[in-house]
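> Protein sequence lines, in the order shown, are assigned to chains A and B.
Numbered by the working numbering, the letters in the first sequence go through residues 1 to 395 in order.
Numbered by the working numbering, the letters in the second sequence go through residues 1001 to 1382 in order.
One thing to keep in mind: the hints can contain errors.
Claimed, not checked - Sample of chain A residues at the chain B side, in silico, Cβ under 10 Å:
1. L64
2. R105
3. P108
4. H287
5. L334
To be verified - The following label-pair restraints were derived from C-beta to C-beta distances:
6. A:R46 to B:S1007: 31 to 41 Å
7. B:T1149 to A:T273: 34 to 44 Å
8. B:L1006 to A:D60: 21 to 31 Å
9. B:G1376 to A:Y346: 44 to 54 Å
10. B:T1149 to A:Q274: 47 to 57 Å
11. B:R1055 to A:R46: 51 to 61 Å
12. A:T273 to B:D1178: 50 to 60 Å
13. B:T1201 to A:R272: 30 to 40 Å
In short, the hints are calculated from the structure, not lab data.
All C-beta atoms in this analysis are idealised placements derived from N, C-alpha and C, irrespective of residue type, glycine included.
Residue-level listing of the chains:
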Amino acid sequence: MRFLLDAEQRAFTGSLHAMLSAAGTPAVIRDWSRGDPARGRALWSRIAEAGVFGLAVPEDHGGLGRHPVELALAFVELGRHAVPGPLVETVAAAVLLQDLPSAKRFLPGLVAGTDLATVATPLGHALTTTPAPTEPAPDTGPPPTAPTRDPDPARPRLAADTAAARYLAPGPDRAPGTDPAAPQLALDADAATLRLVLTADGLRVATAAAGPPRRSLDPARRLTPLTPDGELLTPDPPRERALTWARLAIAAQALGVGLALLDRTVAYVRQRTQFGVPIGSFQAVRHRLADARTALEFARPLVLGAAVSPRPADVAAAKLMACEAAYTTARAALQLHGAIGYTAEYDLSLWLTKARALRTAWGTPEECREAVLDDALKGHDAPRRPAGPVGEAGP
Amino acid sequence: MPAVDLSHSRADEEFRAEARAWLAAHVPRTPLPSLETAEGFAAHRAWEAELAADRWSVVSWPKRYGGRDAGLLRWLVFEEEYWAAGAPGRVGQNGISLLAPTLFDHGTQEQRARVLPPMATGEAVWAQAWSEPEAGSDLASLTSRAVRTDGGWLLRGQKTWSSRAAFADRAFGLFRSDPDAPKPHQGLTYLMFDLRAPGVTVRPIGRLDGKPAFAELFLDDVFVPDEDVIGEPGRGWRIAMSTAGDERGLTLRSPGRFLASAHRLVALWRARGCPEHARARVADAVVGARAYQLFTYAAASRSLEGEELGPESSTNKVFWSELDLALHETALDLLGPEGERADTDWSEGYVFSLAGPLYAGTNEIQRDIIAERLLGLPKGRR
């Protein structure tokens, strides 16, 4: 047991942070948002040179082997600097492709940063409601079987019928009211050089964007429709593993976004004066930031812990809590900046809008909770001794 | 330097297995009566003796005082097993987690040899005596006096919110020994005293459910011999603050108890048919308990490498107290109308969790500490 970064890991994050600070990401983000990816591509190459994309790719495909801890640390920094582009999607693509015979066509370019990949996930997948047993079980009766969805014969068989796997299940699991024929959206498919679509029949290539980007609440996220008009790469992609890596990366990215929002807001309330004193001396302001700090402080070990052992439930928990903490911090940041924080022109907006977008990307809070509860209910197959009240004995 | 590693050593896992087996054989089949009653207090004291007989009451202490020399990680493992086994609350907690660390750091050899063994067996149960009617969050403004006399001190004044004092044997706290010191936190002395000494009047106070969980102490020239002063007279504030750090920090509320509570909450949710209305809150309790466990492992790892934990213990205290409260509120909601009953498996824990944001430094005080010392915000108006 040693739940601490080592010196090499700290040096790695420190050098990424220094490189990204020097890159001046706000200008890069604004270009990217306008559809001019030149500076974003240049930054992407430097991130690749630092080894980030190789952290999700085995060595025989030119990567560094699978290193989820270092990948998570890198994504904290990418989030902290609000780096634009299909970062998480490139990791997901690398995981989807790495066991295929065609992997060597794709992976070296992703590792080197010459290729950017995006992945369209099923659009508007079903909200994850687990039906309750119809008869409430008595407290002392035999435990009911863990509630699961009814298996849908129309749905392709997945490796494991877990909440995480269901998330990427295509077709029949789409939310009521969504058009099954609508093109799937992929992040930054206009800038990506490798466009993948997860479909009912497997993993396919899309040859081109199927239309102009839709606007995201985060202007740096260009949601581009794709149709799976290209090659079928595999009928049985490792959906769950890709989702696990994507959720780990996005959890770390969200944590970084939250940390940056907190730092910027702390700096602002120290220098902004009203009534003759810094507004950071007012208790209403201080306590809101203390709560944001606490939320981020407890999301961080979940993210690192999920990276150490990337189980789907632990990654879902990290994604849930990191995104919630980032969003809580975003709300505090907006409130404490006042009107200036509400402008697109002020750079804070680049992080504020991302905190909202990441919250639902690659799994809504409810979908993450479902993965957590699926796992927690498994722990009740062999119940331990019924416990008495836990409490008392405090000061 | 070793890489990040979340697995326990083989020796710690063997320790876990030993603790689990002992607990499985000894934890009472039915929960003990509330320890905030005379009957329950006695039953919990007897449980402390049973733990102590096999050296399970104070595993992190040195062997010569009844412990097992367990390091921080092994203590965390013990706590996980303890609470998972549904074992009783610890009536000796105040002494074990607040006074004992102070004695290890600031006490004399003689004090340790005299005070710690009966604390380990439950023979002497300790209450804390910090707050006063006019000194709560602003503890340094306390006015109870310690007046110099031959061979010791005379205590005069009033303490309040003294947890466990209704049934405990002894107490520890801060007293003003030099009223002329230039600053409020100077001239304070840290003393131990007998709750049955002449001049002590204990008036139990009913907490929200009426049980006498704490008490007022009236002190009328209570004699305390010099041997019961901890550290130098006049230096009590610094000594007490090191104790307060422990209280908020790692040792007061171990992750094991919240993991166990979250496990019970999932069981309750399932037994009630997994109702939709509680789904998010149950999941959040599971995630919160796991976050607290991992946060603690990280803090323990830093501590084992010699880092001071410092003000982050304030984020810790805010987090666990709110987690505990949310978890119990969810349980009561799951119980439905039955949730208002005072005799469910969750009632006592709920009432106790309501106090979490209040004691050991209110959460508002903790947020001030976070703002000032972790975020570097300017000192504020309170």
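> Determine for every hint whether it applies to the structure shown.
Consistency of the hints with the structure:
1. Look at L64 (chain A): its Cβ only gets to about 14 Å from chain B, farther than 10 Å, so that hint breaks.
2. Checking R105 (chain A) against chain B: minimum C-beta separation of about 33 Å lies over 10 Å; hint violated.
3. The beta carbon of P108 (chain A) is not positioned within 10 Å of any beta carbon in chain B (closest approach about 27 Å), and the interface hint is therefore violated.
4. Nearest Cβ of chain B to the Cβ of H287 (chain A): about 4 Å, under the 10 Å cut. The hint holds.
5. A least Cβ separation of about 18 Å between L334 (chain A) and chain B goes past the 10 Å threshold, and the interface hint is therefore violated.
6. The hinted range of 31 to 41 Å is satisfied by R46 (chain A) and S1007 (chain B), whose Cβ atoms lie roughly 36 Å apart.
7. Between T1149 (chain B) and T273 (chain A) the CB atoms are about 53 Å apart, so this pair departs from the stated range of 34 to 44 Å.
8. Roughly 28 Å separates the CB atoms of L1006 (chain B) and D60 (chain A), a value that falls within the hinted 21 to 31 Å.
9. Our hint of 44 to 54 Å for G1376 (chain B) and Y346 (chain A) is violated, since their Cβ atoms are close to 22 Å apart.
10. In this structure the hint that T1149 (chain B) and Q274 (chain A) lie 47 to 57 Å apart at CB holds, the actual value being about 54 Å.
11. A hinted range of 51 to 61 Å holds for the C-beta pair R1055 (chain B) and R46 (chain A), which are about 58 Å apart.
12. Roughly 40 Å separates the CB atoms of T273 (chain A) and D1178 (chain B), a value that falls outside the hinted 50 to 60 Å.
13. Remark: the range hint 30 to 40 Å for T1201 (chain B) to R272 (chain A) is contradicted by a beta-carbon distance near 53 Å.
Hint compliance for this structure: hints 1, 2, 3, 5, 7, 9, 12, 13 are not met, and every other hint is.
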